[in-house]
Structures are given as structure tokens and as C-alpha cells.
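Visitor: Sequence:
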Amino acid sequence: MQGYEEDEGTIKVPRFAESAGFYTSKQRSYNMSRIKGKNSKPEIILRKALWAKNIRFRLHDRSLPGRPDIVIKKYRLAIFVDGEFWHGFDWKNNRERIKSNRLFWIPKIERNMQRDERTNRALRDMGYTVFRFWSQDVVKNLPTVINQIELFLETRKLYR
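Sequential numbering from 14 applies to the sequence shown in my numbering.
Be careful, since some hints might not be right.
[Claimed, not checked] Here are the in silico distance ranges between beta carbons for each label pair: (1) R71 to I111: 28 to 36 Å; (2) E97 to G22: 21 to 29 Å; (3) N160 to S46: 30 to 38 Å.
[As the list claims (entries may be wrong)] Below are the DSS-like pairs computed for lysine-lysine, each with C-alpha atoms no more than 27 Å apart in a straight line: (4) K66 to K54; (5) K25 to K39; (6) K61 to K121; (7) K105 to K121; (8) K49 to K61.
These are computed hints drawn from the structure, not numbers from a lab.
Each residue gets a CB set at the ideal place from its N, CA and C atoms; glycine is no exception.
Based on the provided sequences and hints, a complete structural model is requested.
Guide: See below:
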């Protein structure tokens, strides 16, 4: 991964294969293949709202660690819209709700959370402020999310 090295503390995830004891049906495999990493509905909702507020941005900047969903370079702001399952929303409680293929999914999600922390640290070291919003917050509380971003931009404008 760009921006930082892997270390001994990285969580190892077993390969998701029948030979490793994991089983998946053709339908499940198809469903999982349809899950998008970019341009999700919550991400598009946030982008349209920012654009309507005349806030201009860049998408999925490959030059930054973690490739943030939205980047406002002028104010050094990186925004991620994280899916609840993939990034461990309320992990202490929801961890126990995973019933199938626990040996795969628990380390997988914990490694994602670990990678998110590393990405945040790398971006902060580059002088960026990192906002991470849960996709459900974007969908259900869009005005609050937009307000947070606008407040940050306003305070940055004052100190420029």
C-alpha cells in the first residue's frame, strides 16, 4: 500500500477458498462481486450535495494514501465514505452478529480497520485533515455531514 509499509502488527486474513475450509455458493459469489468500492450511492449523494453548495473537489486521488473518496486539496481535506460492514461500524457489538465464515470475516474487517488507522495517520502526517463518514450517516443525516464539512472549510478560510 502506498504511503506506509506493512509491519508485523498487520492482521493476517486466511484466503477465502474452499481448500481453506470456506464455502461460498455461486449466488453469494456473484452478489459479492457486485459490491462497488467506488461511486457508491452514499458517496454520490455526498458529492452532489457538496457540488450544489459550490464546493469543488477531486475524486479518488491516487497520489494520496488510501485513495480518499473526495479530496479538497486547497484546504487539505480528505473525505472517506465508509460502509458499515466493511469498516467495522460499532465493532464491539456487531462482531458477534457475524455467523457464517467468522474465521475469514472477523480478521478481514479488523484488518480493514487497521488499514484505515494507518491511512489516517499517513494523511495527517502529510498535513491533511481526515473526515470519515459512515454511509448510513450520509444517507440519513446529510445536512449534518455537509454542515461539518462547511464548518471545517470556513475555519480554514479564516486562517489562510
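Visitor: Each of the hints needs a verdict: does it hold here or not?
Guide: Each hint tested on the structure:
Checking the proposed 28 to 36 Å range against R71 and I111 shows it holds: the Cβ atoms sit about 35 Å from each other. In this structure the hint that E97 and G22 lie 21 to 29 Å apart at CB holds, the actual value being about 24 Å. Between N160 and S46 the CB atoms are about 36 Å apart, so this pair conforms to the stated range of 30 to 38 Å. For the hint pairing K66 with K54, the CA-to-CA distance comes to about 19 Å; that is within 27 Å, so the pair holds.
Distance check on the hinted pair: K25 and K39 sit about 25 Å apart at the alpha-carbon level, within 27 Å; holds. The straight-line distance between the Cα atoms of K61 and K121 is roughly 31 Å, outside the 27 Å bound, and the hint therefore fails. For a cut-off of 27 Å, the pair hint linking K105 to K121 stands: about 15 Å separates their Cα positions. Using a Cα cut-off of 27 Å, the hinted pair K49 and K61 holds, with the two alpha carbons roughly 18 Å apart.
In this structure, the one hint that does not hold is number 6.
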